[in-house]
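Colleague: These are the residues of each chain, in order.
4 protein chains.
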Amino acid sequence: MIKEVNYRVIYGDTDCGNVMYYGNYLRLFEIGRTELIRSTGLSYKEIEEEKGIILPVVEVFAKYRAPAKYDDLLTIKTSLKELKTHKIVFEYKIFKNTTLLTEGYTVHVPINREGKIVKFPEDIYKILKNLLKK
Amino acid sequence: MIKEVNYRVIYGDTDCGNVMYYGNYLRLFEIGRTELIRSTGLSYKEIEEEKGIILPVVEVFAKYRAPAKYDDLLTIKTSLKELKTHKIVFEYKIFKNTTLLTEGYTVHVPINREGKIVKFPEDIYKILKNLLKK
Amino acid sequence: MIKEVNYRVIYGDTDCGNVMYYGNYLRLFEIGRTELIRSTGLSYKEIEEEKGIILPVVEVFAKYRAPAKYDDLLTIKTSLKELKTHKIVFEYKIFKNTTLLTEGYTVHVPINREGKIVKFPEDIYKILKNLLKK
Amino acid sequence: MIKEVNYRVIYGDTDCGNVMYYGNYLRLFEIGRTELIRSTGLSYKEIEEEKGIILPVVEVFAKYRAPAKYDDLLTIKTSLKELKTHKIVFEYKIFKNTTLLTEGYTVHVPINREGKIVKFPEDIYKILKNLLKK
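Chains as they are written, first to last, in this note's numbering: chain A, 155 to 288; chain B, 155 to 288; chain C, 155 to 288; chain D, 155 to 288.
The hints are simulated quantities; they were obtained by calculation from the structure and are not laboratory data. Everything hinted at is true.
Which copy is meant is left open, because identical chains are indistinguishable; a pair holds if it fits in one copy or across any two.
In silico lysine-lysine, DSS-like type, Cα no more than 25 Å apart, as pairs:
hint	residue 1	residue 2
1	217	273
2	217	270
3	199	283
4	217	241
Next up, chain A with everything else stripped away, as it sits in the complex:
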């Protein structure tokens, strides 16, 4: 399962090097995983509010192959790379047309309202598991 989201680069995303600022790709990664999760029918906001689970980022990696520029229409392709009881890994590829600009991943752990690392509740785990399927 790969979720595709379009994103239009604005002035506010770019820097004086005439390209998207390297930190702003992490906003695009967030958009990607949020919409991938939403495609299960359960939004990340619901996971937080109804299940009391948050998924902080514990690791991020990005490789910048070619720059995104002002007004480019990008496609963010996000997939679930790994799901363990205490860990979830998302993978991102950002394209301009057929050119891969940036790729990367984020690692997250489930935390409860008290801030302790917990296992994914079974119902959420099952729903997310479906994202691993073709």
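Could you slot chains B, C and D onto chain A? The hints should help.
Modeller: This is chains B, C and D only, laid out in the frame that chain A set:
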């Protein structure tokens, strides 16, 4: 009372027009008012946590006279323009050396933990009042 | 002519006050005016690259009536408020469903590649003028 | 050689999870490497403008161990990890007091004004090399 804070412009503040992005000046306004409040001896964080009062922005205005550029060392000059029982107005002037680049103001209202507009607690009001003095 | 654009609030837009950071609304204003201009058939990028005219912001005002929150689906409604030979004013209203959250305006002046204020070239002026019509 | 820079977390850095937004640490990485380079006596801006060399980020990695929160006073510790003729790697550790919150690295390649990867000019290479020394 005018509080001066220095700020060095980074790539992440600029845009592909080769100048600071207009929205990022509002980060500098925030730095300015936070350090002005801290100069009273009571930080904004303490006002929030100990007094249960937050000061959301209800209005902002900025006039951009000349652009800030990458690696510029700016000076943010902040002062208290107006203090009423239900309202506080901060004024900002951002300089590069002696050149005024941007000026503006923000209007805030005191809100309690339930989200209701309240009067400033008397002790906070007195402390902030001192900022109006020369 | 009012251009409507939808925008989904991400974590990266919000702050620890649990609402959208006041500076990030200026990103939404940018999205709004960019898409309003694009609806004329001539994009802002083309105005810059083909006509050599840029439109820096010289003034911004925003009034925050109610907060936008994480995962809110907003509507940015943008219109052209004023067009003079040396000045253009855009007006913004940001809604969540039927609730007006934020409104504001930006004032821009046309600048040529040498950084001098110029009159709008006639063809661009005519195209933008159409936005004033119903 | 380790360069230390202090940074005060503002509202605009945080998100509704009550911690610094994961993408904003990359702004702190930028502050860290910029000030490390400046400590050689040659600023990054001068490398760009006088030498015609830019150093785009081609890879970033960050590991988030503990969150930075609003108004925290952080210390960014930056060092040069690797220097090759066509590559430079910076390493970052962000502390709150003695607690390591975040660590990471960025990989950059030297590019000339035409956008081609080039060797570091010898004078810059020598200056940067000094950063590897104790």
